[in-house]
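Given next are the chains, with one letter for each unit.
There are 2 protein chains.
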Amino acid sequence: MQTTGDQQLLKRINRSVLLRLMQQHSGLSRARMAAQSGLTKSTVSVLVRELLDEQWLVEASPPVSGDGLGRPSTPLQLNAEGRVLIGMEVAVECLRIVCVSLTGEVLSEHEVPLHSADPQAVCTQATALLQPLCADLAARGITISGVGVCLPGAVHDSTGLVHFAPNLGWRNVDFLGMVRAALATAGMACGTLYVQNDADAAALGEYEFGAGAKDDPLIFINCDVGVGAGIVLNDRLFTGARGAAGEIGHTILQIDGPVCSCGRHGCAEAFIGARAIRGSADVARAGHYLGVLIQNLDALFNPKTVVIGGKICAEHPGLLAQAQATVAQYTRQSGMPMTEIRAARYGLQAPAVGAAALVLHRFLRPLSEGANHVFGH
Amino acid sequence: MQTTGDQQLLKRINRSVLLRLMQQHSGLSRARMAAQSGLTKSTVSVLVRELLDEQWLVEASPPVSGDGLGRPSTPLQLNAEGRVLIGMEVAVECLRIVCVSLTGEVLSEHEVPLHSADPQAVCTQATALLQPLCADLAARGITISGVGVCLPGAVHDSTGLVHFAPNLGWRNVDFLGMVRAALATAGMACGTLYVQNDADAAALGEYEFGAGAKDDPLIFINCDVGVGAGIVLNDRLFTGARGAAGEIGHTILQIDGPVCSCGRHGCAEAFIGARAIRGSADVARAGHYLGVLIQNLDALFNPKTVVIGGKICAEHPGLLAQAQATVAQYTRQSGMPMTEIRAARYGLQAPAVGAAALVLHRFLRPLSEGANHVFGH
Numbered sequence: 001m002q003t004t005g006d007q008q009l010l011k012r013i014n015r016s017v018l019l020r021l022m023q024q025h026s027g028l029s030r031a032r033m034a035a036q037s038g039l040t041k042s043t044v045s046v047l048v049r050e051l052l053d054e055q056w057l058v059e060a061s062p063p064v065s066g067d068g069l070g071r072p073s074t075p076l077q078l079n080a081e082g083r084v085l086i087g088m089e090v091a092v093e094c095l096r097i098v099c100v101s102l103t104g105e106v107l108s109e110h111e112v113p114l115h116s117a118d119p120q121a122v123c124t125q126a127t128a129l130l131q132p133l134c135a136d137l138a139a140r141g142i143t144i145s146g147v148g149v150c151l152p153g154a155v156h157d158s159t160g161l162v163h164f165a166p167n168l169g170w171r172n173v174d175f176l177g178m179v180r181a182a183l184a185t186a187g188m189a190c191g192t193l194y195v196q197n198d199a200d201a202a203a204l205g206e207y208e209f210g211a212g213a214k215d216d217p218l219i220f221i222n223c224d225v226g227v228g229a230g231i232v233l234n235d236r237l238f239t240g241a242r243g244a245a246g247e248i249g250h251t252i253l254q255i256d257g258p259v260c261s262c263g264r265h266g267c268a269e270a271f272i273g274a275r276a277i278r279g280s281a282d283v284a285r286a287g288h289y290l291g292v293l294i295q296n297l298d299a300l301f302n303p304k305t306v307v308i309g310g311k312i313c314a315e316h317p318g319l320l321a322q323a324q325a326t327v328a329q330y331t332r333q334s335g336m337p338m339t340e341i342r343a344a345r346y347g348l349q350a351p352a353v354g355a356a357a358l359v360l361h362r363f364l365r366p367l368s369e370g371a372n373h374v375f376g377h
Numbered sequence: 001m002q003t004t005g006d007q008q009l010l011k012r013i014n015r016s017v018l019l020r021l022m023q024q025h026s027g028l029s030r031a032r033m034a035a036q037s038g039l040t041k042s043t044v045s046v047l048v049r050e051l052l053d054e055q056w057l058v059e060a061s062p063p064v065s066g067d068g069l070g071r072p073s074t075p076l077q078l079n080a081e082g083r084v085l086i087g088m089e090v091a092v093e094c095l096r097i098v099c100v101s102l103t104g105e106v107l108s109e110h111e112v113p114l115h116s117a118d119p120q121a122v123c124t125q126a127t128a129l130l131q132p133l134c135a136d137l138a139a140r141g142i143t144i145s146g147v148g149v150c151l152p153g154a155v156h157d158s159t160g161l162v163h164f165a166p167n168l169g170w171r172n173v174d175f176l177g178m179v180r181a182a183l184a185t186a187g188m189a190c191g192t193l194y195v196q197n198d199a200d201a202a203a204l205g206e207y208e209f210g211a212g213a214k215d216d217p218l219i220f221i222n223c224d225v226g227v228g229a230g231i232v233l234n235d236r237l238f239t240g241a242r243g244a245a246g247e248i249g250h251t252i253l254q255i256d257g258p259v260c261s262c263g264r265h266g267c268a269e270a271f272i273g274a275r276a277i278r279g280s281a282d283v284a285r286a287g288h289y290l291g292v293l294i295q296n297l298d299a300l301f302n303p304k305t306v307v308i309g310g311k312i313c314a315e316h317p318g319l320l321a322q323a324q325a326t327v328a329q330y331t332r333q334s335g336m337p338m339t340e341i342r343a344a345r346y347g348l349q350a351p352a353v354g355a356a357a358l359v360l361h362r363f364l365r366p367l368s369e370g371a372n373h374v375f376g377h
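These protein sequences, in sequence, are chains A and B. Numbering of the first sequence is given in our numbering, commencing with residue 1 and proceeding in unit increments. Numbering of the second sequence is given in our numbering, commencing with residue 1 and proceeding in unit increments.
Bound conformation, chain A alone (with noise of 0.2 Å):
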């Protein structure tokens, strides 16, 4: 016997079955959608119906031939207008925030310099950008599924608390709550809210925004002055015992190598953290180095995809160049196929949009634990 609880739950999930097969499958139609997910036409008809008026759904134009006889059918899209993601991250120096249609395109995006990194003063600024946003959205009748916000510190996963975040001084931070109070007190309705790590957040991004089949596990690689990591594996965020999980700066590549930040020796960071990088000769053996932190990783996660990103990278191209070559000799040896490497899609603004990105993978898993608070919903 169902309980009512059971129905809503079932729907949710018979709702976000359909929207993954949209994400990987753009332009069936219903009766393809039901032979592909399981569900009854009829089933299909009254989600897909309800998805429409939602905005998450959009019906293409029909093909003019169809694939025979009958009438064409209608070949459904997830609705890249109608309905939004917001991403925030709150990085040491600065505040960035994107609008990001369901299939990852960045509609807009905004930076200002960070005023102070006081949680309260930070919290006034993210809504002093939030608003003007959410007005627009609204008057325009876009709808916004959620804000997702990340910022370089762990993050517990179920309540969203910011444990510690050295670079912004904070320990032990309920930020979600500051921005929940602070919308709520300004009116505006903004979705659910999400806090999150940002290479967490990062590697989201690459996970949900790519086309056809995921790669799983995905590691997204961050490197600025620390290198951290966000990993995807098994369709879900790892984040380990204690949301510890991905420290690769903190692994060692040389016993007794040189002093790092943490007071260890040979630490993957005092290689290829942007303290160890000055001038080109630095940047060639900072490649090298991330390219034995990458074949530590393939060894250990044996992942489909490792991405990298965060500022170094960006300004200086050689990086992931010499880490790509380092690999691929290690490979020859090896004789394994090599896993894929590559920059990652979104450049700087992957923490943003991947904050983005952890709105949309959140509701299409209503199963996940670890939903941090809801604000509104």
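Source of the hints: derived by calculation from the structure; they are not laboratory data. Check the hints yourself; a few may be wrong.
It does not matter which identical chain is used: a pair holds within one copy or between any two.
[To be verified] Okay, derived cross-link-like pairs now, DSS-like style, lysine-lysine, Cα gap no bigger than 30 Å in a straight line:
no. : residue 1 : residue 2
1   : Lys11     : Lys311
2   : Lys214    : Lys311
3   : Lys304    : Lys214
4   : Lys11     : Lys41
5   : Lys41     : Lys311
6   : Lys304    : Lys41
7   : Lys214    : Lys41
Starting from the known structure of chain A, fit chain B onto it as the hints suggest.
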């Protein structure tokens, strides 16, 4: 509307929910199982009856005094005698078979030298070992849930095909199919049959048979001629994009270090593998490098527990102590809590016991993919 298939699946899921509750909280009454699982009392009552009949569960003597009013309820627990799991390890030099209870107690064990590494010869020898054990169990009215086989090689998760087992000289061997055919010919009913990599199996043994909450993520490090790892995370084995995750022996700890069996320089195996250890000075060095390796795994996976097993670990207890000391030193520097590092609970039997655990693990996760072949269930 539910189909018969849906109902069957729902029943399997609900049965697995109850069995997993029993794993963590032995002695619960039906009423408390209902409260903790969220299932109705009548559903629990029906399913417990089935699980008692099928020897998954057993009723313990009721407590003399209840916790207050009313008649005392009957505590339930996993049936540690009426149903067993069989695990088999195909090692390079021997064949091990163990009979294990649902609670992880080793009821019998048997080890014979491997006559030949030829797959068909191994299959014949394995069947000859299984036959008297199965006959004896049948004569005593004990149900066999299934047989898990593990071996030192890369195994395809969903088909059980052995891609490559270098130390056995196997490549693309359908060992599961061979054993299945041999058992069918011999008219033996041994339940479901699975094949898995030995370190992966060992990780599952440590994961499934601990009391209370499970250690997740858990990494099992197998130290032998080769150094490999089995990784359990998000309640599942993690094997990567092509089943090659956990190759910790070929992560580089020392760029330009000593040459490794793989042709590269400075791999963990070149410091920790059996070939690198001859005297006690070597053990101390290997233990230190093992500590560095664990610190790297710590940074990447943030595991709850790291378990050390394998022949070298059994022969040189100093290895584990030195590794713990090295990790403790790193941990002091970082100020983070130290990850638990311990010896394998089942010593050299860890892979065989883990192969038995694999049978239980798969049964308790009816929704997971990659169920290998099914035999005679």
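Evaluation of the provided hints:
1. Lys11 - Lys311: Neither: 42 Å inside a chain and 52 Å across chains, both beyond 30 Å.
2. Lys214 - Lys311: within (25 Å within a copy, 39 Å between copies)
3. Lys304 - Lys214: both (9 Å within a copy, 28 Å between copies)
4. Lys11 - Lys41: both (15 Å within a copy, 26 Å between copies)
5. Lys41 - Lys311: The answer is neither: 49 Å in one copy and 58 Å across copies each exceed 30 Å.
6. Lys304 - Lys41: Classified as neither; 35 Å inside a copy, 46 Å across copies.
7. Lys214 - Lys41: within (26 Å within a copy, 42 Å between copies)
Checked against the numbered hints above, the structure violates hints 1, 5 and 6; every other hint is satisfied.
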